[in-house]
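Number of protein chains: 2
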Amino acid sequence: MFEDINKTPATEISKLGEFGLIEHLTSGILPTQPSTIKGVGDDAAVAEKGNGMLSLYTTDMLVEGIHFDLMYTPYRHLGYKAAVVNFSDIYAMNGIPLQMLVSVAVSSKISVEALEEFYEGLLHACKTYHVDLVGGDTSSSLSGMIISITLIGEVKKEKIVYRNGAKETDLICVSGDLGAAYLGLQVLEREKKIFKETPSVQPDLSGFDYVLERQLKPEARKEIINWLNENNIQPTSMIDISDGLSSELNHICKQSEKGCQIYEEKIPIDIATETAASDFNLHPITCALNGGEDYELLFTASINDFEKLKQNPQISIIGHITEKNSGCHMLSKSGEYIPLTAQGWNSFK
Amino acid sequence: MFEDINKTPATEISKLGEFGLIEHLTSGILPTQPSTIKGVGDDAAVAEKGNGMLSLYTTDMLVEGIHFDLMYTPYRHLGYKAAVVNFSDIYAMNGIPLQMLVSVAVSSKISVEALEEFYEGLLHACKTYHVDLVGGDTSSSLSGMIISITLIGEVKKEKIVYRNGAKETDLICVSGDLGAAYLGLQVLEREKKIFKETPSVQPDLSGFDYVLERQLKPEARKEIINWLNENNIQPTSMIDISDGLSSELNHICKQSEKGCQIYEEKIPIDIATETAASDFNLHPITCALNGGEDYELLFTASINDFEKLKQNPQISIIGHITEKNSGCHMLSKSGEYIPLTAQGWNSFK
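First to last, the protein sequences are chains A and B. Number 1473 in the numbering used here belongs to position 339 of the first sequence; there are no gaps in the numbering. Number 1312 in the numbering used here belongs to position 178 of the second sequence; there are no gaps in the numbering.
Do not rely on the hints blindly, as some may be mistaken.
Stated by the list, open to error - Selected chain B positions facing chain A (Cβ under 10 Å, derived; list incomplete): (1) I1163; (2) L1164; (3) N1185; (4) V1246; (5) L1267; (6) D1271; (7) K1356; (8) Q1448; (9) I1451.
In case anyone wonders, no lab produced these hints; they're calculated from the structure. Ideal placement from N, C-alpha and C gives every residue a C-beta, glycine not left out.
Okay, chain A solo, but in the shape it has when bound:
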């Protein structure tokens, strides 16, 4: 024991990446409980609840220095965002979040007041989205803050939406606009760098309000789910955009065994995002495709719902589902077909 207890052949995790690793570790797991309906592989796990309802479970771990930076993230916003990104996973199943469990590990250097602010953010999000904080765990860490959040939600059996239901000719839709959260992060990282080099210089965040808010205080698109339900639109597949449009579209197409075509000119990008992108010499469409953290909803719906969908200014129809062999492409404004890759964000790189 001791020196060789855990010595094993060393395959580096970065070789598999985050999605590859989860797939690798959980492949072949078969449910044994009759109530388990869907395990790993969607925005949330699904279990039988009874009375025509399904339970939804999702969990997320956030690590300081990997997922957030306390140098420019107020604790209150951190708490709010940590809760909201999990609500978003429940909405992406067409469900409603109900209860939340939160575990936090912090070093002894953090003050009680800092943790209070973090909890204020959590509870503010809970109040806004009508979710109950019902449990959790607080412990110390050797370094840095680690947050783990679990959400429990529910959805009517006939209303649940998975990632794998997209059909050929279905419309591809996104809520809100894309790319802003990524640019908010770029602004914060730039000012952090300047501040570190010259602490006397005040950070210049003027003109970046929109992209900063999208990065620091995202919202989950509850009202989109409500609107779809009120208008009797049942999406055929859905996912929330946490890793960029390109990656999420690939998830839907892979799991639905379909291809897709989207149109650059249809992708919703706010004017503030375009301005910020030009400031960083970035193409705004790159931020929308690969940026991540927008927490908008990406869904597919039957073309029969076209007339209804185009009435909602918060929803953009950006393309359609094709057969599997045609792959995933974007038709650019200049008429080129650009393949959409599944890179996503890999915390192990």
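Following the hints, position chain B against chain A.
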């Protein structure tokens, strides 16, 4: 922003301790969802499930260097134990664990094979206790391994047992035996110290099999819950022993607004635990009262169940519940009344 963004008056967390901190952060939280029945403050949170059933939710975070030491903990055992200690929380509500979510953060230094072993342990525990691993998250950490596990369970409405139902004259019972896991930890820590000083010396673990197994591969007391149900014994209160008998008894008495008296001679201690304790010049009763990590069940039951309870060799009746003002005491073998304090284990110290 930046330099003073999170500067707040500094109250050290260690002043409150782990229980004090959770109480402080979650006091005054009122549920808003009609389905939420019980939030923070028991082994698991409770929600309405429908059809006469309740859902149970519990979560736990384990941090390398605080809760476990990879120098002497094989990954497979770590996975098994991480799962089992959460099953134990569901059993402590008289419930059955059904689904599990696991998040792990690891540094890029850890190999895929190591994580595979950890998952093997998790899945072995799931198979043994008929629980489905349905979701999770894998990400990188800046240093060390962090595990967060959430368990979802269920229990019939009329069968649920809280911490707060103990009545005067109720019998106080524990399953199995106590103190062994703590002594297992002492053996491992001693050999680690010797190994660090003189790596050529082989660690001497002979004769400590029982206490080592109790530390490295604990089990949750599913069969006790089954036996109680089969024999129509409904405990009036229950908790699992993770922080030592003394701390858990104080939780039950505080939440039930009662006192208690237990008898030293009745506390179940294995002969292997006594032998190991003498090796470390420790009193075995101290290990049982304050050691922790035994994951036995502590429960109270009506004196009407006395005849049934004493038939089960796996259950020891160690005392009875008294009125609040008489406090919590142990009558020692020498006839002294020793107050039982609620110290428990505080990871912030």
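Hints versus structure:
no.: 1; hint: I1163; in the structure: 6 Å, holds
no.: 2; hint: L1164; in the structure: 9 Å, holds
no.: 3; hint: N1185; in the structure: 4 Å, holds
no.: 4; hint: V1246; in the structure: 4 Å, holds
no.: 5; hint: L1267; in the structure: 6 Å, holds
no.: 6; hint: D1271; in the structure: 5 Å, holds
no.: 7; hint: K1356; in the structure: 14 Å, violated
no.: 8; hint: Q1448; in the structure: 26 Å, violated
no.: 9; hint: I1451; in the structure: 31 Å, violated
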